Structures are given as C-alpha cells and as structure tokens.
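Enquirer: Read off the chains here:
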Amino acid sequence: MSEPCAIGQAAFRFHGGIHPPECKDATRDRPIRDLPLQAKYVLPLQMHIGEAARPVVQVGDTVRRGQLLAQAADFVSASVHAPTSGLIAAMDEHPLPHPGGLSARAITLVADGADTPVEPLEPWPDYSQRSPLELRHRLREAGIVGLGGAVFPTAAKLATDGKTAVHTLVLNGAECEPFITCDDRLMRELPEEILDGARIILHLMGASRCLIGIEDNKPEAQHSLNQAACGDDRFTVVSVPTRYPAGGEKQLLKVLTGVEVPRGKRATHFGLLCLNVATVAAVYRAVVQGEPMIDRIVTVTGGGIVQPENFRVRIGTLMGAVVAAAGGYTVGTDRLLMGGPMMGFALLDDAVPVVKASNCLLALRPQDRPAEPPPAPCIRCSLCADACPADLLPQQLYWHARAKAFERAVDHHLFDCIECGVCTAVCPSHIPLVDYFRFAKTEVWAAEREKSKAHQAKQRFEFRNERLARIKAEREAALAKKRSALADKTPNAGVAQFEPNPVPQASADAAVEAARARAKARRALLEAEREQHPTAPEQEPPA
Amino acid sequence: MKFTPVAVPTPETPNSVTRMMGWVLLALLPGTAVAIVLLGWGVLINVLLAVVAGLCAEALMLRIRRRPLRPFLSDGSVIVLAWIFGLCLPNLGPWWLPVFGSVFAVVVAKQLYGGLGFNPFNPAMVGYVVLLISFPEPMTRWGPAIDQGGAALNFWQSLNWSIGGVLPSGVGFDGLSIATPLDRVREQFTAGSNIHDATLSLFAGHSLSQAWNLWLSLAFLGGGLLLLWRGVIRWHIPLAMLVGVALMAGFLWWLDPNRFASPLFHLVTGATVFGAFFVATDPVTSSTTPRGRLVFGFGVGVLTVLIRNFGSYPDGVAFAVLLMNLCVPLIDYYTQPAVFGHKTRARR
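Sequences listed follow chains C and L, in order. FYI, the numbering for the first sequence is 6 to 548, going by the working numbering. FYI, the numbering for the second sequence is 3 to 350, going by the working numbering.
Don't take every hint at face value.
Computed, partial: chain L to chain C, Cβ under 10 Å [said to hold, decoys possible]:
1) S18
2) I66
3) R68
4) L71
5) G117
6) P285
7) T290
Straight-line Cα separation of at most 35 Å, DSBU-like style, residue types lysine-lysine; simulated pairs [stated by the list, open to error]:
8) L:K345 - C:K45
9) C:K494 - C:K456
10) C:K168 - L:K4
11) L:K4 - C:K456
If you're looking for bench data, these hints aren't it; they were derived computationally from the structure. Note that this is a predicted model, so its numbers are computed, not measured. Just so it is clear, CB atoms sit at the ideal spot from N, CA and C, and this is done for glycine as well.
So here's chain C without its partners, still in its complex pose (with noise of 0.2 Å):
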C-alpha cells in the first residue's frame, strides 16, 4: 500500500455477470432495530449444512436463553440454542423456509418473556492465548455457521488439509444481491465486532493479512471499516466493482487473489480463506462473549412491506411476525422471497421460522416485478453464456438437462453451477434456466444414491450366495466324513461309493424311506427359500 489505510481497488474481474438494479435505497439508510421478543419460536434441527443437530432437551424441559438444545450431531454439523428463556413445548414436525414447502423436525419454544439468560460460555477476551482447538471447539459449541448464505458449519470450514498454511483472510461484505443491506448495515455500525472476529480467525488459522471486499456502492460500508481497521497494517479494505454476484466466494477470491477455485477444491488450499462479515461478527461474539448464535440481522423489504426495515431477529421468530413489525403487507401483496430476487427462494406461507441463512424476506407486489412471459424456445443466442460467472454453457446445459440427459449435463461441467442465476436473467426467451440446472443436479444425485443402494444390495446378494455355499461345502465335508466313517465299519471298505451298499434286506427299505425323506425335506427348504427372495437373481444388477 502506498499509503496507510488507503481503500484498495479490485486487481481482478471475473468472467460475465450482471448489474441489476440494485433496490437497496428502501433499508440502506435504516439502522439495525432489535426485533421485540415474540411469544413463540420455531427452532428446526437442521439450518446448517450437514447433519441435523441431535436434540437434548425434552418436552416439558423448561430453557433459558443461549442453552444448548441440540447438539452437532457431526463434524459437519452446528449445535442450536434456545432464542429466549420458555418452555420447550414441542418436537415434531414444522414447516420449514423451503421451496417446496417441506416440513422437518424442530422444537417448538414456548417464550415465559423473562428471557433469562443461561450462563454463558467462558469469555475469552484473551483468545489469543487459546489453541486453535478450543477455538474451534468453541465455535462449534457456539452453532456458528456461514451467514453469507450457505451457512456451511465455520468449525469444519476452518478445519483444513493441514498441508497448506492459509496466509490471507478474505472477509466479504460485497453484498451483491439487489434489495440486501444486512452487511452494510452491520459493517457501518459495528465495525469493531467484524474486524476483532477477523482477528480471531487471522490468530486461529494463523494467517498474516485481511482483505476485506466491499462493493463500491457502498462507500460508507467501506469507510466505516476502513476507519476501524486503520492502524492495524494486516487489514486491506478493497473496493470490488459491484457487478452481480461479486459476492460469490469464489468470484470474490477471484477479484481480490486473482486466484480461481476449482470446484471439487477448498480456498484453504489456495492459503486462502472466505468468510462473511457477519459470521467473523458472531466468531466475536461467540469467541469473546461467550454468546452462542441465536440471532441475525434480516433485511425485511420490497414493495410489499409497509415499513421496510434492518432487524436484528432472534433464530427461530416466525417470518410474519418480523413482517408485522415492518408494519405488515401492502395491499396486493402475493409473494414473499427468503433471500434475494437472484438467488431468493418463494415461500408457501410465512407461519416458518427465520433460520442461519435468512438474510432477507422480500414482498413484492405484482408491479414490483416484470411481467414473466411464458418461456420461448432456446434460440442458442449464448447471451447466457456470455454472463456466467462459472464459464460455462447454460444453452447447452440447458439442452442436456431438458433432454434428461444428465450425462451429458455433467460433462458439460453441471457441477461447476452456482446457481446464481444470471443465465435465467439475462435469457431473452424468459427461460427458467437455473431451475432446470437445480432439477438436474438433484436428479444426478438421486441416481448416485440409487446406484450405491443398488451396489449394496448386489454386494448383500453376492455375500449371501457365498454363505449358502459356504454352509453347502461345510454339510458335504460333514456327510463325507460321516460316509467314510460307515464304510469303514462295512466289510466291503473301499468299494466305489457309488454302488449301493450291500445292506440286509430288510433295512433297505429303511434306507430308500430315509432317502425320500431327505429329498422331500431338501426340495421344501428350497421352494420355501426360493419363495422367500422369488426374485433374488434378477436383482443382481448388470456389474
């Protein structure tokens, strides 16, 4: 740098991408409000990526605010606490924010409004003096997960190969999504909690420098943290050009390092690490105060909110209680998005919780948004294309993915998709294209899991026949043995077995009866089994 605490600008671009009309003039000016406590709180098990958290509460069991209620069930995996002091009053099913509108386990929080506090975990104002273990730890016990959106476990995202040293942290506050200004919002009133996150994680991973990459929309974002950060040389605060989605980690990277992160790769093996400014803010509070994650800053606008606003929610609030206290719904009202217009998703109702990775709730009325034409055909025109973030070809996976040609939707990189949804903007025949991609990667997976069901049942088979031969050999051994032993003791020993035995008479008819028997003995046991896996051969997939 040239000179002390100067704003960096951006070395690097990416591929494509977009620039929306931004929408962010509704909140941006609005400062972050704690949203009243409510009487009620959905806290479903699983808000995280991986395994849903193992419940260790009960119903009846009366909690105070910040006590565990579930506990990481996983390495990947995030505990979840209790919003506010009450009574657990349920654990079954609830609807869940989903696009689909599905339901899944949560526990229902009956509030008792004293909200009184759990004892909370040691402060550690002295982390530095803590190993990167107990830190670790502690951000696990603390539920911390991504909030930049995919609210990835930050335990397990720090954990890395221990191959390659990260040397640069890269917080992101691009906050590229239109209508969004959650992290602006934290960034220009709580700067001291972002940046004393970051240094917590710059002491964990042991790293040397912090950009930190804020679209130059947001000058006063960029300010605020450069002022906090000014005298300490390892922060760098950078000025990304804001072009949609900027904000993808591994864009940013891209813009900031010049690195690009293959997929089926970490950042970490890059020496780099990305994290959102919020969750390095509740690293702080987890690390510092001892607090546990059981609120985030939501941004509740669009043209159907009387009031749009910046809340401060508590994990767990029903969505149409944080819209009420934005004053509810304009008239004509009919559609609420969880996230941003790109890569948002519409919900069912908002009787569902706020969870992790609510950033956003969006009301639009219909002349808040362009009319949506029914989609033309693809006219292979690329402009799709030319806007990925990701290089690829939307008009050929689209092609592919239409076709059900999953194959072939993989060979053309399907994976690589980030399902930011530039392609679907930028399509001049109106096309779904991300829908198709998101359909198409669900439909690779279900066929991968059928596959290794299909393998485990072939192995289950095949081990099987290995057994019932196995018994067969073992019970020939036997009777050989038991042959030889009786010949032995006839005086004809060593005559070919083949030949009947010289018996009496009169025990020969004995003998053809016991033979019959067993014949008849060995062809029941056989139709009762071929009656127990009547298909059991056909099964046996093609190796």
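Dock chain L against the given chain C, drawing on the hints supplied.
Expert: For chain L alone, kept in the frame of chain C given last:
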C-alpha cells in the same frame, strides 16, 4: 399468510426474442433498400411473398402441431427467416419461387424439426438450396433494375412480370437479365480463359449494373455492424468467415492468378458479406461456443470459396452454411470453454 410459490422473479429482462429479431429486421433494411434501388421492385416482391407465405405456413403448422399461434407468430423469427430467404432470390424470378421456397423452409426445415430453436439446418438456406437444385433455370433470372438501354420496371410492372410473366411492351427479358459477376467468372473459368477482365469490370465499371454487388455488400456490412453493436450477434462468425474466404481465395489466387479470382473479388461479390453477418450468424444453427464460432465461420468461408471455384453452382454460401451446420454438434462438443478454476489445465 399464504402465498403462491413460483419461480423467483429475477430482475427485469428487457431483452426478448422478439426484440432481437426486430434488430435483425432493422439491420436488414439498408441492404434491402439498396437491393431495391439497384435491382428493382422484384426484390421487394420476393421478400413480401416469402414473408406472407412463411407466416401462413407457420400458422398452419402450429395449428397442426397444436401449439399456440400468437407467441410464435409474433416472435418475428418467421419474418426474419423469410426476409433473408427472399433476399437470396433472383429479382426477375417468378412468384412461386419465394412462395414455394418459403413454405418448404418453414414447414420442412423448421417446423418438422420442432420449430424455433430445434432446427439443425438454416431454414432459409434449405429453402434456397431446394429451389436452386429443383429449378435451376428460374434461379438464374438476375438483372439490374435499369438495363443498358435505360429501361426499368416500376412496382406494378415488376408484379405483373412476377405473377403473370408479362413484360411491358418494348422491354425484352434478355435486355433485363444479366449474368452476375460470379457467373461471368465461372464461365471464364470453365472456358479456361483469363478471368482478369471479368474481375476488373466489377471495380472499374461505372455503371450500377456492374457494381451492384459491391454496393449491396457495403449496405449489408452496415447492417451487420449494427447487429454487432447491439450485441445481437458476436464478431466471431462474421470475422472468421471473411478471413476464411480471404485466405482460401488468396491461396488459390496465389497458385494461379489467371484462373482464380482475387480474394477481394470473393469478399465483395455474391453473398459473402450478407452470409457472414446474416446467414452464418443464425444462433440456432451455428456453433454456440466462442472458439466453436471461429471454427464454424472459418469453415463456411473456406467452403464457400471452394464451392464457388470447383462446385457446379456459382455461389457457395448456402451449401457452405448447410455443410457447417452438420458439424455444429461436433464443433460445440470439442470447443467447450474452460470453466472457472480449470483454465490452467490442458484444454480439451
């Protein structure tokens, strides 16, 4: 409160297929206007007949295929197809050339393959080639608007000639029709004589009758630049095709300048410029990857010159485009761009 979940409303897409087709039609106007001035009303009659016949054929096919009429008729794709096709036809040809060709292009080359976006071959070129093969004689009826004697047909006279085959008294068909520059070169080539005079006359000749190809090319170049500026087409195909024409013609010319015409001659005559900007760039039937477009355009250019010089038809753009259409799936497969994060890896 309940909502109806639908696809996410991404920000407004001001673009649409109709708008893109509108730009193509606008870009066709200068070339069409120059063609009418230089070649007479027959050009406009061809275009109008082709458009009307094409729209009727499209409507009929949509009805048979039980597809909605309005979105497909109003997207402008048929008009663009028929317009481009109509411009390819001889200005003194009979009325049934544009009508039959346009119907064939829409019904067989487009709708039978599934309609807009699904046809592997450029429908306009299919229609043109079918006429060229089936009706070789009427397809040669080219001529300047103003003959050597100063006679010209007005709109009604042109219509009379097109529909009824009736010329005003005192005007003979032989006085109107004239061999195109490519025809003349071909004759010379076949006769084994020096073609120098034929190519020179194109530039040296002061009369419109000799230079009309040049003016047309310039007008279509202007329209093509408009499309480039508006982002409707990319530079790859036109540039690669012109380079292909220039290189292939240049190579032959270098081999024997007395037998083969110069690259410049091939660039400005016939349908080279028109094909480079309006035919080969058809997004549906051309390559869709950046490098694939270069391969596609270059192939069209090279084949055009080869067919002009060694094939049995004077111009080769239509055949070249159709031949390259055949190769598009292959080209697209092997020219996929390197995706994000894989750029340093060896290219496929």
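Enquirer: Hints first: check each against the structure and report whether it holds.
Expert: Verification of the hints:
The interface hint given for S18 of chain L holds, since its Cβ lies 5 Å from the closest Cβ of chain C, which is under the 10 Å cut-off. Hint on I66 of chain L is violated. Least Cβ distance to chain C is approximately 17 Å, over the 10 Å limit. Using the Cβ-Cβ criterion of 10 Å, the hint placing R68 of chain L at the interface with chain C is not satisfied: the shortest such distance is roughly 16 Å. For L71 of chain L, the interface hint is violated, the least distance from its beta-carbon to any beta-carbon of chain C being 14 Å, above 10 Å.
Satisfaction of the interface hint for G117 of chain L is found here, the shortest Cβ-Cβ separation to chain C being roughly 7 Å, below the 10 Å cut-off. Interface hint at P285 of chain L: satisfied, since its Cβ lies 5 Å from the closest Cβ of chain C, which is below the 10 Å cut-off. The restraint placing T290 of chain L at the interface with chain C holds, with a minimum CB-CB distance near 5 Å, inside the 10 Å limit. Distance check on the hinted pair: K345 of chain L and K45 of chain C sit about 51 Å apart at the alpha-carbon level, beyond 35 Å; violated.
Taking the CA atoms of K494 of chain C and K456 of chain C, the gap is about 57 Å. The hint is violated against a cut of 35 Å. Taken as a hint, the K168 of chain C and K4 of chain L pair is broken in the structure, with Cα atoms around 51 Å apart against an allowance of 35 Å. Taking the CA atoms of K4 of chain L and K456 of chain C, the gap is about 39 Å. The hint is violated against a cut of 35 Å.
Checked against the numbered hints listed earlier, the structure breaks hints 2, 3, 4, 8, 9, 10, 11; every other hint is satisfied.
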